[in-house]
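Trainee: Here's the letter readout for the chains.
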Amino acid sequence: MVDSRQAVTDAVPDLAAAVEARDEEGMRSSRFVGAVLLLVLIAMWVAGWLSGTSAEQMLSLTVWGVMLGGIIALGGIGLTLCYGVLKFPNFAHGEFLTLGAYVTYGVVLVLPQSNPIWRFSFGWELIAGLLVSAVVTAIVAIILDHFLYRPLRKHMSPLVLLAMASLGMEFLLRGAVYLIWGSDFHFYYSGRSNPALQLPFGLRIQADQFFVFALAVILVATMYWMLTRTRIGKAMRASADNPDLAQVRGINTEQVIAWTWIIGAAMAAVGGAMYGLASQLRPDMGFVLLLPLFAAVIMGGIGSAWGALVGSVIIGVAMQLTSAFMNPAYGPAVAFVLMVLVLLMRPQGLFVQR
Amino acid sequence: MDSAHVLKACFLLIPAILLGVLVFSSWRWRARLPAAVVLGLVLAFGISAWVPGIMDYLVSFCIMATIYAVLSLGLNAQWGYNGHLDFGIAGFFAVGAFTMALFVTAPPSGLMAAYAQQWFGLNTPFLIGMAAAGIMSGVVGYLIAQPILHLRTDFLAIATLGIAEIIRLIFQNERWLANGPQPLSGIPQPLSCLSDSSGCSWLPAGVNHLFSTLQPRDYGYVYLVVVTVTLAVVYVVLEALVRSPWGRALRAVRDEEASAAMSGKPVKSLRVQSFVLGAVIIGVAGALYAPYMVTIDYSHFKPLFATFLVWVMLMLGGSGNNKGAILGAFVIWAVWSGTGFVTDMLATELQGIAPDLASRMSFLRWAFVGLLLAGIVLYRPQGILPEKKRVSRFLKGVPED
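From first to last, the protein sequence lines stand for chains U and D. Heads up: the first sequence begins at 1 in the numbering used here, then just goes up one per residue. Heads up: the second sequence begins at 1 in the numbering used here, then just goes up one per residue.
Be aware that one or more of the hints could be misleading.
Stated by the list, open to error - DEER-style ranges, computed between Cβ atoms:
id, chain 1, residue 1, chain 2, residue 2, range
1, U, Phe-32, D, Ser-26, 56 to 62 Å
2, U, Phe-187, D, Arg-175, 28 to 34 Å
3, U, Val-288, D, Gln-182, 19 to 25 Å
4, D, Asp-344, U, Ile-139, 30 to 36 Å
5, D, Trp-176, U, Phe-32, 35 to 41 Å
6, U, Pro-112, D, Gln-182, 42 to 48 Å
7, U, Phe-187, D, Ser-198, 51 to 57 Å
8, D, Ala-334, U, Gly-182, 26 to 32 Å
9, U, Glu-254, D, Tyr-142, 42 to 48 Å
10, U, Leu-245, D, Leu-58, 56 to 62 Å
No wet-lab data here; the hints were simulated from the structure. Bear in mind the structure is a predicted one, so any value in this text is a computation, not a measurement. Just so you know, even glycine gets a beta-carbon here, dropped at the ideal spot from N, CA and C.
Let's have the full structure, built from the sequences with the hints guiding it.
Mentor: Below you can see the structure in the form of structure tokens.
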């Protein structure tokens, strides 16, 4: 009797491992997945070209896609860090983008309008607004963590409850944005013309788009430097990898989590403001971007900042390219299909550190 | 009390008796049925005698709450009994509602054809439409389950959220399918002939005469009976299923997947089955919603109303408890419509504070319900009526809680 029970308990870890290994079933190498994604993008290019869009226009769409990818990356890096360190999908992350965009808008309205810088459509007050919104959004994230997520962590709540709580916060934050700024669409500078620069190969790109992309690249590079070179960045990666082991080695997990929220929310705020600059401000913008954000994060591998950037660019380019031959309203659907494709081939994403 | 009020009270009687049967469910049938009938009589005639003014409002409230209760039961089949984190209820709800609408309407003809497009219109009876809605939603659920369901729970949440968005985008943009961004209107209501002046052609004249005091605007009383009977059927079927060995296997898979697999339960297949079952029930709820609204469009299926509220309802009522699911639906719908009531009453005062505030106050409810969900998750994740963890009511000697 004793022996058979012993045999059962011995078998359980194996079975548990087998259940966990579900994720790895049918797994492909990241090189294979990357090749498939590249083929998909090329197929989209060809499809757009066959449907009568000129090659020059397709090139423009590709460049715009890379720039959209920059915006998605700003939100995506914060999301992937939260997902990696806190181990739950934060459905309220899209609202950090909305909040950032609207706080920036509030600051721009309050400050006196200066002349546009260089050939951009905005003046210094927008830069000030970006800084303020990053701080405000980070504070909001810390407050949410203090009153909701930290107690849940203390109760050792399962992942699903944290995810559900974040869904609740999504609607709380969106309700607040609606309440303060109303449901109308806004522009940072309504009526200010923003002519596109003429570049070689018939590319037409607005100066603002350059700014958006340059800012995204700078922030992502800073992020990468921070994660690989600084003490807090390394602690963050260690906590994402194995929280218990990190704690044993004397890393203050709560402090790491606080920094994760601050960095994630601040970058999301800047990303939201950039998205608002590139198109317009609307209260549901964060929710619209949520699906591309998750697609980018899962594609790149949860917890990997570098992966989130690559995933974001792929998603951004795919969303723009398909608009050549499909209704652009289906952008989130394109992101979603790519995400499912990656999930089927390699559930842990392209760049997972193991 | 005139004859019209007596007739309305008779219509209220059926839901009230069903409520009684649900409330006294722990009693033996010998005592339960009379008690339910007495409670039903007291409720139905009491309301129509003493507070006839609120009857119309009560009926419209109960119809929506009942539809939400069906949704909540559907989610319970997925989340409560098998732990699927389905954030895409709105998608199945939309599939059910639009399938119903396409089945029961006639294709637009004549002048209407220039303004309204739809893929097909079969002009079928209500029940066939409802069956089609359930089947269609189940098929969609099965197709989603195939690639996603064997992955981690959080991926399912993201994927279902995405699917629901995409389904809404399809109904919003594809004009040929269900009139695209324009609403699909003229969905026939079942048994609406009862409240018509001409009466039902298939009923004898004497019976029609009984219903002659019912005005067309009193149709809600008829529909309340339709939705509550549907809810009762769904409840009984789901309750029977989850009490069966199959239901116990579902809970085993939810709690201890490895042990369930070790006991020879087909884990993967069971997970798909419960997901599809939930999708079918949610589709049926959609089928109930479409005729009640008469006119539906994509904007009815936004995540707030069709996904988020349902989650709050089930979490408040108690996941893994079908009675809790129904209770949660009624409580949250009361909170939701009640807060709307309060902000409407305060409209003029709010206008004094800021001109836009009154029109924006409706969004305060979003924030409120968001906070409510956070509170439930923090302080009472098991809900008002927690799950009863017992193997079988036929098994003696096992302590019940």
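Trainee: Evaluate each hint against the coordinates.
Mentor: Here is what the structure says about each hint:
1. U:Phe-32 - D:Ser-26: 56 to 62 Å: Check passed, 58 Å falls within 56 to 62 Å.
2. U:Phe-187 - D:Arg-175: 28 to 34 Å: holds (29 Å)
3. U:Val-288 - D:Gln-182: 19 to 25 Å: holds (22 Å)
4. D:Asp-344 - U:Ile-139: 30 to 36 Å: Given about 34 Å between the Cβ atoms, the range holds.
5. D:Trp-176 - U:Phe-32: 35 to 41 Å: Roughly 38 Å apart at Cβ, these two residues keep to the hinted range, so it holds.
6. U:Pro-112 - D:Gln-182: 42 to 48 Å: holds (45 Å)
7. U:Phe-187 - D:Ser-198: 51 to 57 Å: Roughly 56 Å apart at Cβ, these two residues keep to the hinted range, so it holds.
8. D:Ala-334 - U:Gly-182: 26 to 32 Å: Between D:Ala-334 and U:Gly-182, where Cβ atoms are some 28 Å apart, the hint holds.
9. U:Glu-254 - D:Tyr-142: 42 to 48 Å: Cβ of U:Glu-254 to Cβ of D:Tyr-142: about 44 Å, so the range 42 to 48 Å holds.
10. U:Leu-245 - D:Leu-58: 56 to 62 Å: Holds: the Cβ-Cβ distance is about 59 Å, inside 56 to 62 Å.
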